[in-house]
Amino acid sequence: MELTLWTYEGPPHVGAMRIAASMEGVHYVLHAPQGDTYADLLFTMIERRDKRPPVTYTTFQARDLGGDTAELVKRSIADAVERFKPEALLVGESCTAELIQDQPGALAAGMGFGELPIVNLELPAYSKKENWGAAETFYQLVRSLLKPQLPTPGAPKPDPARWRTEGRRPRVNLLGPSLLGFRCRDDVREISQLLASYGIDVAVVAPLGARPADLQRIPTADANVCLYPEVAGTLCSWLERQFGMVCARTVPIGIGATVRFLRELHGLLDLELPAELQPGTNEVCEAECRSRLPWYSRSVDSTYLTGKRVFVFGDATHAIAAARIASHELGFEVVGLGSYSREMAREVRAAASELGLEALISDDYLAVEAAIAQAAPELVLGTQMERHSAKRLGIPCAVISTPLHVQDVPARYAPQMGWEGANVIFDSWVHPLMMGLEEHLIGMFRHDFEFVDGHRSHLGDGAAAGDKLTTESPAVDLTSATALAWSAEGEAELAKIPFFVRGKVRKNTEAFAREQGLAVIDSEALYEAKAHFSR
Amino acid sequence: MASSIATRSTAGTDLPPPLKESGQREVFCGLTSIVWLHRRMPDAFFLVVGSRTCAHLIQSAAGVMIFAEPRFGTAILGERDLAGLADANEELDRLVDQLLQRRPEIRTLFLVGSCPSEVIKLDLAKAAERLNRQHTGRVMVLNYSGSGIETTFTQGEDGALQALIPLMPSSDQQQLLIAGTLADAVEDRLVGLFHKLGIDRVASLPPRRSSELPSVGPGTKLLLAQPFLSGTARALLDRGAELIRAPYPFGVEGSRAWMAAAAAAFDVAPARIAEVLDPLVERGQRAMAPHREALAGKKLFLLPDSQLEIPLARFLSRECGMELVEVGTPYLDRQLMAEELALLPPGTQLSEGQHVDNQLLRVRQQRPDLVVCGLGLANPLEAEGMATKWSIELVFSPIHGIDQASDLAELFARPLRRRAALSFA
Numbered sequence: 001m002e003l004t005l006w007t008y009e010g011p012p013h014v015g016a017m018r019i020a021a022s023m024e025g026v027h028y029v030l031h032a033p034q035g036d037t038y039a040d041l042l043f044t045m046i047e048r049r050d051k052r053p054p055v056t057y058t059t060f061q062a063r064d065l066g067g068d069t070a071e072l073v074k075r076s077i078a079d080a081v082e083r084f085k086p087e088a089l090l091v092g093e094s095c096t097a098e099l100i101q102d103q104p105g106a107l108a109a110g111m112g113f114g115e116l117p118i119v120n121l122e123l124p125a126y127s128k129k130e131n132w133g134a135a136e137t138f139y140q141l142v143r144s145l146l147k148p149q150l151p152t153p154g155a156p157k158p159d160p161a162r163w164r165t166e167g168r169r170p171r172v173n174l175l176g177p178s179l180l181g182f183r184c185r186d187d188v189r190e191i192s193q194l195l196a197s198y199g200i201d202v203a204v205v206a207p208l209g210a211r212p213a214d215l216q217r218i219p220t221a222d223a224n225v226c227l228y229p230e231v232a233g234t235l236c237s238w239l240e241r242q243f244g245m246v247c248a249r250t251v252p253i254g255i256g257a258t259v260r261f262l263r264e265l266h267g268l269l270d271l272e273l274p275a276e277l278q279p280g281t282n283e284v285c286e287a288e289c290r291s292r293l294p295w296y297s298r299s300v301d302s303t304y305l306t307g308k309r310v311f312v313f314g315d316a317t318h319a320i321a322a323a324r325i326a327s328h329e330l331g332f333e334v335v336g337l338g339s340y341s342r343e344m345a346r347e348v349r350a351a352a353s354e355l356g357l358e359a360l361i362s363d364d365y366l367a368v369e370a371a372i373a374q375a376a377p378e379l380v381l382g383t384q385m386e387r388h389s390a391k392r393l394g395i396p397c398a399v400i401s402t403p404l405h406v407q408d409v410p411a412r413y414a415p416q417m418g419w420e421g422a423n424v425i426f427d428s429w430v431h432p433l434m435m436g437l438e439e440h441l442i443g444m445f446r447h448d449f450e451f452v453d454g455h456r457s458h459l460g461d462g463a464a465a466g467d468k469l470t471t472e473s474p475a476v477d478l479t480s481a482t483a484l485a486w487s488a489e490g491e492a493e494l495a496k497i498p499f500f501v502r503g504k505v506r507k508n509t510e511a512f513a514r515e516q517g518l519a520v521i522d523s524e525a526l527y528e529a530k531a532h533f534s535r
Numbered sequence: 001m002a003s004s005i006a007t008r009s010t011a012g013t014d015l016p017p018p019l020k021e022s023g024q025r026e027v028f029c030g031l032t033s034i035v036w037l038h039r040r041m042p043d044a045f046f047l048v049v050g051s052r053t054c055a056h057l058i059q060s061a062a063g064v065m066i067f068a069e070p071r072f073g074t075a076i077l078g079e080r081d082l083a084g085l086a087d088a089n090e091e092l093d094r095l096v097d098q099l100l101q102r103r104p105e106i107r108t109l110f111l112v113g114s115c116p117s118e119v120i121k122l123d124l125a126k127a128a129e130r131l132n133r134q135h136t137g138r139v140m141v142l143n144y145s146g147s148g149i150e151t152t153f154t155q156g157e158d159g160a161l162q163a164l165i166p167l168m169p170s171s172d173q174q175q176l177l178i179a180g181t182l183a184d185a186v187e188d189r190l191v192g193l194f195h196k197l198g199i200d201r202v203a204s205l206p207p208r209r210s211s212e213l214p215s216v217g218p219g220t221k222l223l224l225a226q227p228f229l230s231g232t233a234r235a236l237l238d239r240g241a242e243l244i245r246a247p248y249p250f251g252v253e254g255s256r257a258w259m260a261a262a263a264a265a266f267d268v269a270p271a272r273i274a275e276v277l278d279p280l281v282e283r284g285q286r287a288m289a290p291h292r293e294a295l296a297g298k299k300l301f302l303l304p305d306s307q308l309e310i311p312l313a314r315f316l317s318r319e320c321g322m323e324l325v326e327v328g329t330p331y332l333d334r335q336l337m338a339e340e341l342a343l344l345p346p347g348t349q350l351s352e353g354q355h356v357d358n359q360l361l362r363v364r365q366q367r368p369d370l371v372v373c374g375l376g377l378a379n380p381l382e383a384e385g386m387a388t389k390w391s392i393e394l395v396f397s398p399i400h401g402i403d404q405a406s407d408l409a410e411l412f413a414r415p416l417r418r419r420a421a422l423s424f425a
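Protein sequences, first through last, are from chains A and B. The numbering of the first sequence is my numbering, which starts it at 1 and goes up by one. The numbering of the second sequence is my numbering, which starts it at 1 and goes up by one.
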């Protein structure tokens with residue numbers, strides 16, 4: 001058993017639902033108890049969809065357990081096929097159904113639906129989670145649809161540059177975007193536009209908006225673009241192995257990543273690299289000017305962002321991208337990097353070690369919260385869950401990754417990828433921080449009746465974030481067992497430190513005091529520590 | 001349950017037999033009740049013993065609120081627990097220790113059963129007993145089931161309240177006990193009115209603090225504020241309470257009858273009842289008038305969700321002039337619903353249970369003016385051009401009592417007003 005206050009991912013069948021609901025013409029029969037239809041709300045409310053997800057639930061109840069639940073499954077399958085006439089059928093179980101083992105996939109296969117492709121989903125609900133479920137479902141679905149097209153072993157790999165001999169523009173598949181993914185809707189539009197501007201067409205976008213027939217067209221593209229490795233990674237590797245399709249793996253979130261992505265794709269497709277994508281004088285690549293982020297970040301108003309301590313957590317793709325943007329493109333200091341995506345732990349560890357950090361790979365909300373408290377950052381870039389911890393600790397926070405809630409499926413155009421994505425990121429990450437002038441004035445005058453400690457007047461709520469990091473609490477014990485006393489005068493000096501760095505200063509000073517064997521911390525000790533750590 | 005509730009009237013004889021359907025049910029499980037119970041009793045914690053699905057359900061429902069201190073969580077079963085490799089009881093003890101260390105201020109801990117814990121027959125009642133011994137004096141550990149296979153939505157509250165009943169002190173004193181979650185302001189208002197009527201001792205279940213449970217005994221007269229408390233009502237009767245039969249306190253008429261029934265049970269003179277309540281009734285009806293205008297003659301279809309459907313249908317037809325197409329309920333307790341059924345217009349088509357696709361076909365055929373349904377169906381029906389009122393809001397809103405009648409009507413008039421107010425291009 002594992003104590004979970006907040007879970008970063010849903011169960012794997014929710015991942016399967018994401019694939020089914022993202023597509024057209026696919027129906028999913030899910031053996032599940034009454035109540036599991038709550039998952040429909042993820043689509044009708046959070047994604048604000050105008051139709052029911054294409055999912056038929058068996059919704060068994062306790063009284064059904066005495067009877068023939070397998071019969072109930074068969075009835076539901078027959079009813080769903082008759083009513084919805086799908087072009088492909090997914091059949092699977094939720095966690096409770098997994099315990100009673102009715103084998104719905106095998107039952108469906110034996111029901112005589114002729115040509116209808118049926119995918120039996122085996123998603124172990126007690127060991128795997130949502131993204132794994134989505135990746136597995138997407139892979140199994142494409143695999144069964146492409147079975148007739150499988151090249152014979154040893155057949156030559158298709159040439160990614162065959163577009164030239166065929167006298168057409170190169171075309172690629174965008175794989176991975178799905179409902180309940182982070183900003184997938186607008187990322188697809190941004191990347192499609194970006195590729196079009198370099199003369200590259202999009203063949204198939206999947207699963208979002210695709211039909212089974214579209215999936216059968218996947219091999220007609222020259223290359224795959226793996227936009228969301230959590231969902232499409234498994235499939236892209238399989239397409240590489242079985243169909244010899246090359247795959248661009250750089251995820252174009254951030255300026256640098258977008259440029260690298262374009263260079264990678266040009267290389268894969270044997271396209272000549274346009275001058276604007278080549279490194280120019282002063283390391284400035286012409287193409288980056290298509291986004292406003294580089295200039296906004298270079299402009300003097302952003303100087304105060306330098307060295308702001310930021311903690312990054314999310315799915316692996318977004319966390320790695322965010323860490324790179326934060327450190328290289330906004331000039332923050334990344335003081336923590338982690339992800340709940342165990343499947344991509346290696347990539348996260350590599351990104352963390354580049355920043356001199358040890359990656360936090362965990363799906364334990366409490367461990368993440370403790371790590372944030374320990375790092376005492378000035379900004380948290382995380383998921384909906386980190387908004388809870390950040391509220392508790394009084395730290396500004398922006399959401400960069402799923403899990404998300406309804407406010408992160410906005411009406412406006414809000415991509416994360418490409419040039420416009422970088423614009424969106426600049427605005428949304430800087431917004432929660434205190435504005436420069438206010439930061440200066442609060443540092444100088446601390447006796448104001450309106451602009452009090454921790455106040456961020458541009459947020460309008462006037463809520464003082466306060467000094468929560470320095471407040472002891474049983475769960476988040478910042479000090480070690482050694483008892484350290486602050487003199488009243490030391491505390492008073494500490495209170496003069498601007499609130500967003502006060503947590504860090506307290507920790508540093510205490511570490512210094514412990515190192516020096518000081519029993520009481522006074523203002524002198526604080527300044528000694530300041531000088532010590534500035535070395 | 002040992003006790004039964006005698007049926008008083010020949011209620012519902014004018015009603016055709018309810019449609020009984022089985023098929024896919026688009027309803028919440030009882031775990032969802034945690035979403036409002038955690039606010040009613042802020043000193044309680046709700047620990048679901050279940051799967052990641054259960055955790056995901058609750059946070060999808062409540063996670064849009066940002067919690068500095070979570071009030072609920074899930075002990076997620078892993079493969080080791082299923083394979084019997086880990087002793088489930090030891091695991092649970094460990095997690096509860098961990099939780100109580102983080103949240104020492106918790107006074108009552110509910111271990112909430114789920115589908116997985118029930119299918120593998122994990123004995124949470126025994127676990128609660130054991131944990132109670134371990135944490136005596138610090139925290140009360142209780143157990144109820146919120147599983148989908150056993151409970152639908154509001155039935156979770158019924159389970160939680162039943163778990164509290166054995167802890168209620170025994171007392172023979174004369175008192176009025178109101179059962180069912182009420183909004184704070186509504187509770188204060190209703191208690192004030194009962195005092196005015198001369199009923200001095202009025203207690204509520206659930207209380208605002210889980211550790212301040214009301215007493216119960218032969219002097220207790222039980223008044224149900226919510227229609228979904230079948231188990232709670234019977235358990236309180238077993239403790240000696242006496243049930244006051246009344247319609248539920250929705251709308252002017254229902255609320256007046258509800259309060260009057262309580263007053264009569266305490267031998268308050270009819271003249272006094274009229275003196276206190278009639279001015280409220282007059283004012284309530286005045287406030288209702290504009291909403292009645294918006295709702296009168298409109299066709300209403302209610303899908304099953306909370307068991308509030310029958311009292312609401314009664315209110316909307318009798319006081320707002322709506323025409324009932326179909327009144328669905330997840331579960332029909334004919335005894336506790338007798339007073340309500342007697343007030344429904346003759347010919348009202350009830351349905352118990354659900355086959356959601358068939359029911360949606362009926363919705364589409366009838367084209368009602370307003371459909372009361374869950375959030376899984378609301379936006380899709382709106383997109384088909386039908387006005388909907390999402391039903392979950394009804395358990396989150398102050399809707400009980402004469403003074404709230406117009407607010408209750410407004411909840412149904414608002415989607416219609418909104419449709420009329422919007423125009424594009």
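Honestly, I wouldn't trust all of these hints.
[Claimed, not checked] Residues from chain B shown here face chain A by an in silico Cβ test under 7 Å; the list is partial:
(1) Arg25
(2) Cys29
(3) Gln59
(4) Gly148
(5) Glu242
(6) Asn379
Calculated directly from the structure, the hints in this document are not laboratory data. These numbers come from a predicted model, not from an experiment. Ideal placement from N, C-alpha and C gives every residue a C-beta, glycine not left out.
Worksheet item: What hints, given by number in increasing order, does this structure fail?
Response: The structure conflicts with hint 5 only, although it agrees with all the remaining ones.
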